[in-house]
Amino acid sequence: MNKDRGAAHNGLTDWYWQRLSAVMLLVLIPLPFALLCAVYMGVLDQFELLEIFSHFVPLLLHTLLVFAIIVHAYFGLKLIIEDYVPAALMRVPLTGVILLIMGTIGIWWLALIWAWGG
Amino acid sequence: MSNIIKLEIYRYDPEKDAEPSMQAFEVPVTKAGMKLLDVLNYIKWHIDGTLTYRKSCGEGVCGSDGLNINGVNGLACITPIAGLKQPIKVRPLPSMNVIRDLVVDMEHFFDQYRSIKPWLQADSPLPEHERLQSPEERAELDGSYECIMCGCCTTSCPSWWWNGDRFLGPATLLQADRWLKDSRDEKIGERLDQLEDAFKLYRCHQIMNCMDCCPKELNPTKAIDHIKRTLLIRKS
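These protein sequence lines are chains A and B, in that order. Residue numbers for the first sequence follow the working numbering, beginning at 492 and rising by one. Residue numbers for the second sequence follow the working numbering, beginning at 1037 and rising by one.
Each hint should be verified, as a subset may be incorrect.
As the list claims (entries may be wrong) - Straight-line C-alpha distance at most 20 Å; calculated DMTMM-like pairs for lysine to aspartate or glutamate:
no., chain 1, residue 1, chain 2, residue 2
1, B, K1264, A, E542
2, B, K1217, B, D1248
3, B, K1121, B, E1062
4, B, K1264, A, D574
5, B, K1271, B, D1229
6, B, K1271, A, D505
Said to hold, decoys possible - DEER-style ranges, computed between Cβ atoms:
no., chain 1, residue 1, chain 2, residue 2, range
7, A, L517, B, E1222, 38 to 44 Å
8, B, K1258, A, A602, 40 to 46 Å
9, A, V518, B, I1243, 22 to 28 Å
These are calculated hints, taken from the structure and not from any lab test. All values reported here derive from a predicted model rather than from experimental measurement. Where a beta carbon is used, it is the ideal one built from N, C-alpha and C, also for glycine.
With the hints as extra help, turn the sequences into a complete structure.
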């Protein structure tokens, strides 16, 4: 009995990007927390915080953080959908919807921070 | 330890029973160091001859008596009664079709095993005597060749429960890795081509139930990770 249902070669790409984005998150996530702690402890006020984010390097790091969050969340949700939605007719459009939502959030977030920085 | 061993055993005969049930048994301790298989044998030979289960070597080599024992998969023949919480709940391997009582249908499991072509594939001419390995090359196979295909790991894997029709499962992937590591095999590319699949391989989310329950103390999660890294190296 031939049970082979073909191959879905996207597995390696998904795995690679999920791990790469996880490493990026591990490095970048502590930075905003450190800034928030500084604000709560009175070392920085809100205007000084906004001032920091108007410089190029913080903006770049913020952009990378947004990218890592969006990529990691998208591939995580995609994996969950692949795990629990066996019917391809539902799984593929659902994955598309998630991609659309994540893309929109990412673009909105980046537009916001670059407009803010500018 | 009391002189009586209390058990609750899964009973189901699809031809007669509408649904499965748990049947209680009490078995006397007949010798020191009893294993679960000794208890099942006692029930079969002295209490209820209709109890159905698989067994063969009785020494943890054949892998035929894989069972779910108090919620954890293991081999009945090497599981000591001492230390098991009583009543000992004995069920068939999870997520498998039950043929009768503790006997499950292993056909799909072995179909998946066959799909990875678990034999040496080489096009180069056969040497006069045999295809040799250095001791170092042979040592690479440690931790994978010992697998006895009992199915304990695969049937404890939630990813296999949800996607068992496509995900190959820990036992098969451990064996796939064994052939990737074999210095004599010449079909690594084809083997990797077959494995590079979002469902066959990448359903493993490193839950590690497979490693926890393996009666031979092997680590299929590590083997699966090695396959993923080999695919990554090939790509880059």
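Each hint, compared with the structure:
The straight-line distance between the Cα atoms of K1264 of chain B and E542 of chain A is roughly 44 Å, outside the 20 Å bound, and the hint therefore fails. Restraint check for K1217 of chain B and D1248 of chain B: the C-alpha separation of about 23 Å exceeds 20 Å, so the hint is violated. Among the hinted pairs, K1121 of chain B with E1062 of chain B is consistent with the structure: their alpha-carbon atoms are about 14 Å apart, no more than 20 Å. About 18 Å separates the Cα atoms of K1264 of chain B and D574 of chain A, which keeps this hinted pair within 20 Å; it holds.
Annotation: proposed proximity of K1271 of chain B to D1229 of chain B holds, straight-line Cα distance about 11 Å (limit 20 Å). At roughly 13 Å between alpha-carbon atoms, K1271 of chain B and D505 of chain A fall within 20 Å of each other, so this suggested pair holds. At roughly 40 Å, the beta carbons of L517 of chain A and E1222 of chain B sit within the given window of 38 to 44 Å. In this structure the hint that K1258 of chain B and A602 of chain A lie 40 to 46 Å apart at CB holds, the actual value being about 44 Å.
The hinted window of 22 to 28 Å between V518 of chain A and I1243 of chain B holds, with their beta carbons roughly 26 Å apart.
Violated hints, in rising order: 1 and 2; the structure is consistent with all others.
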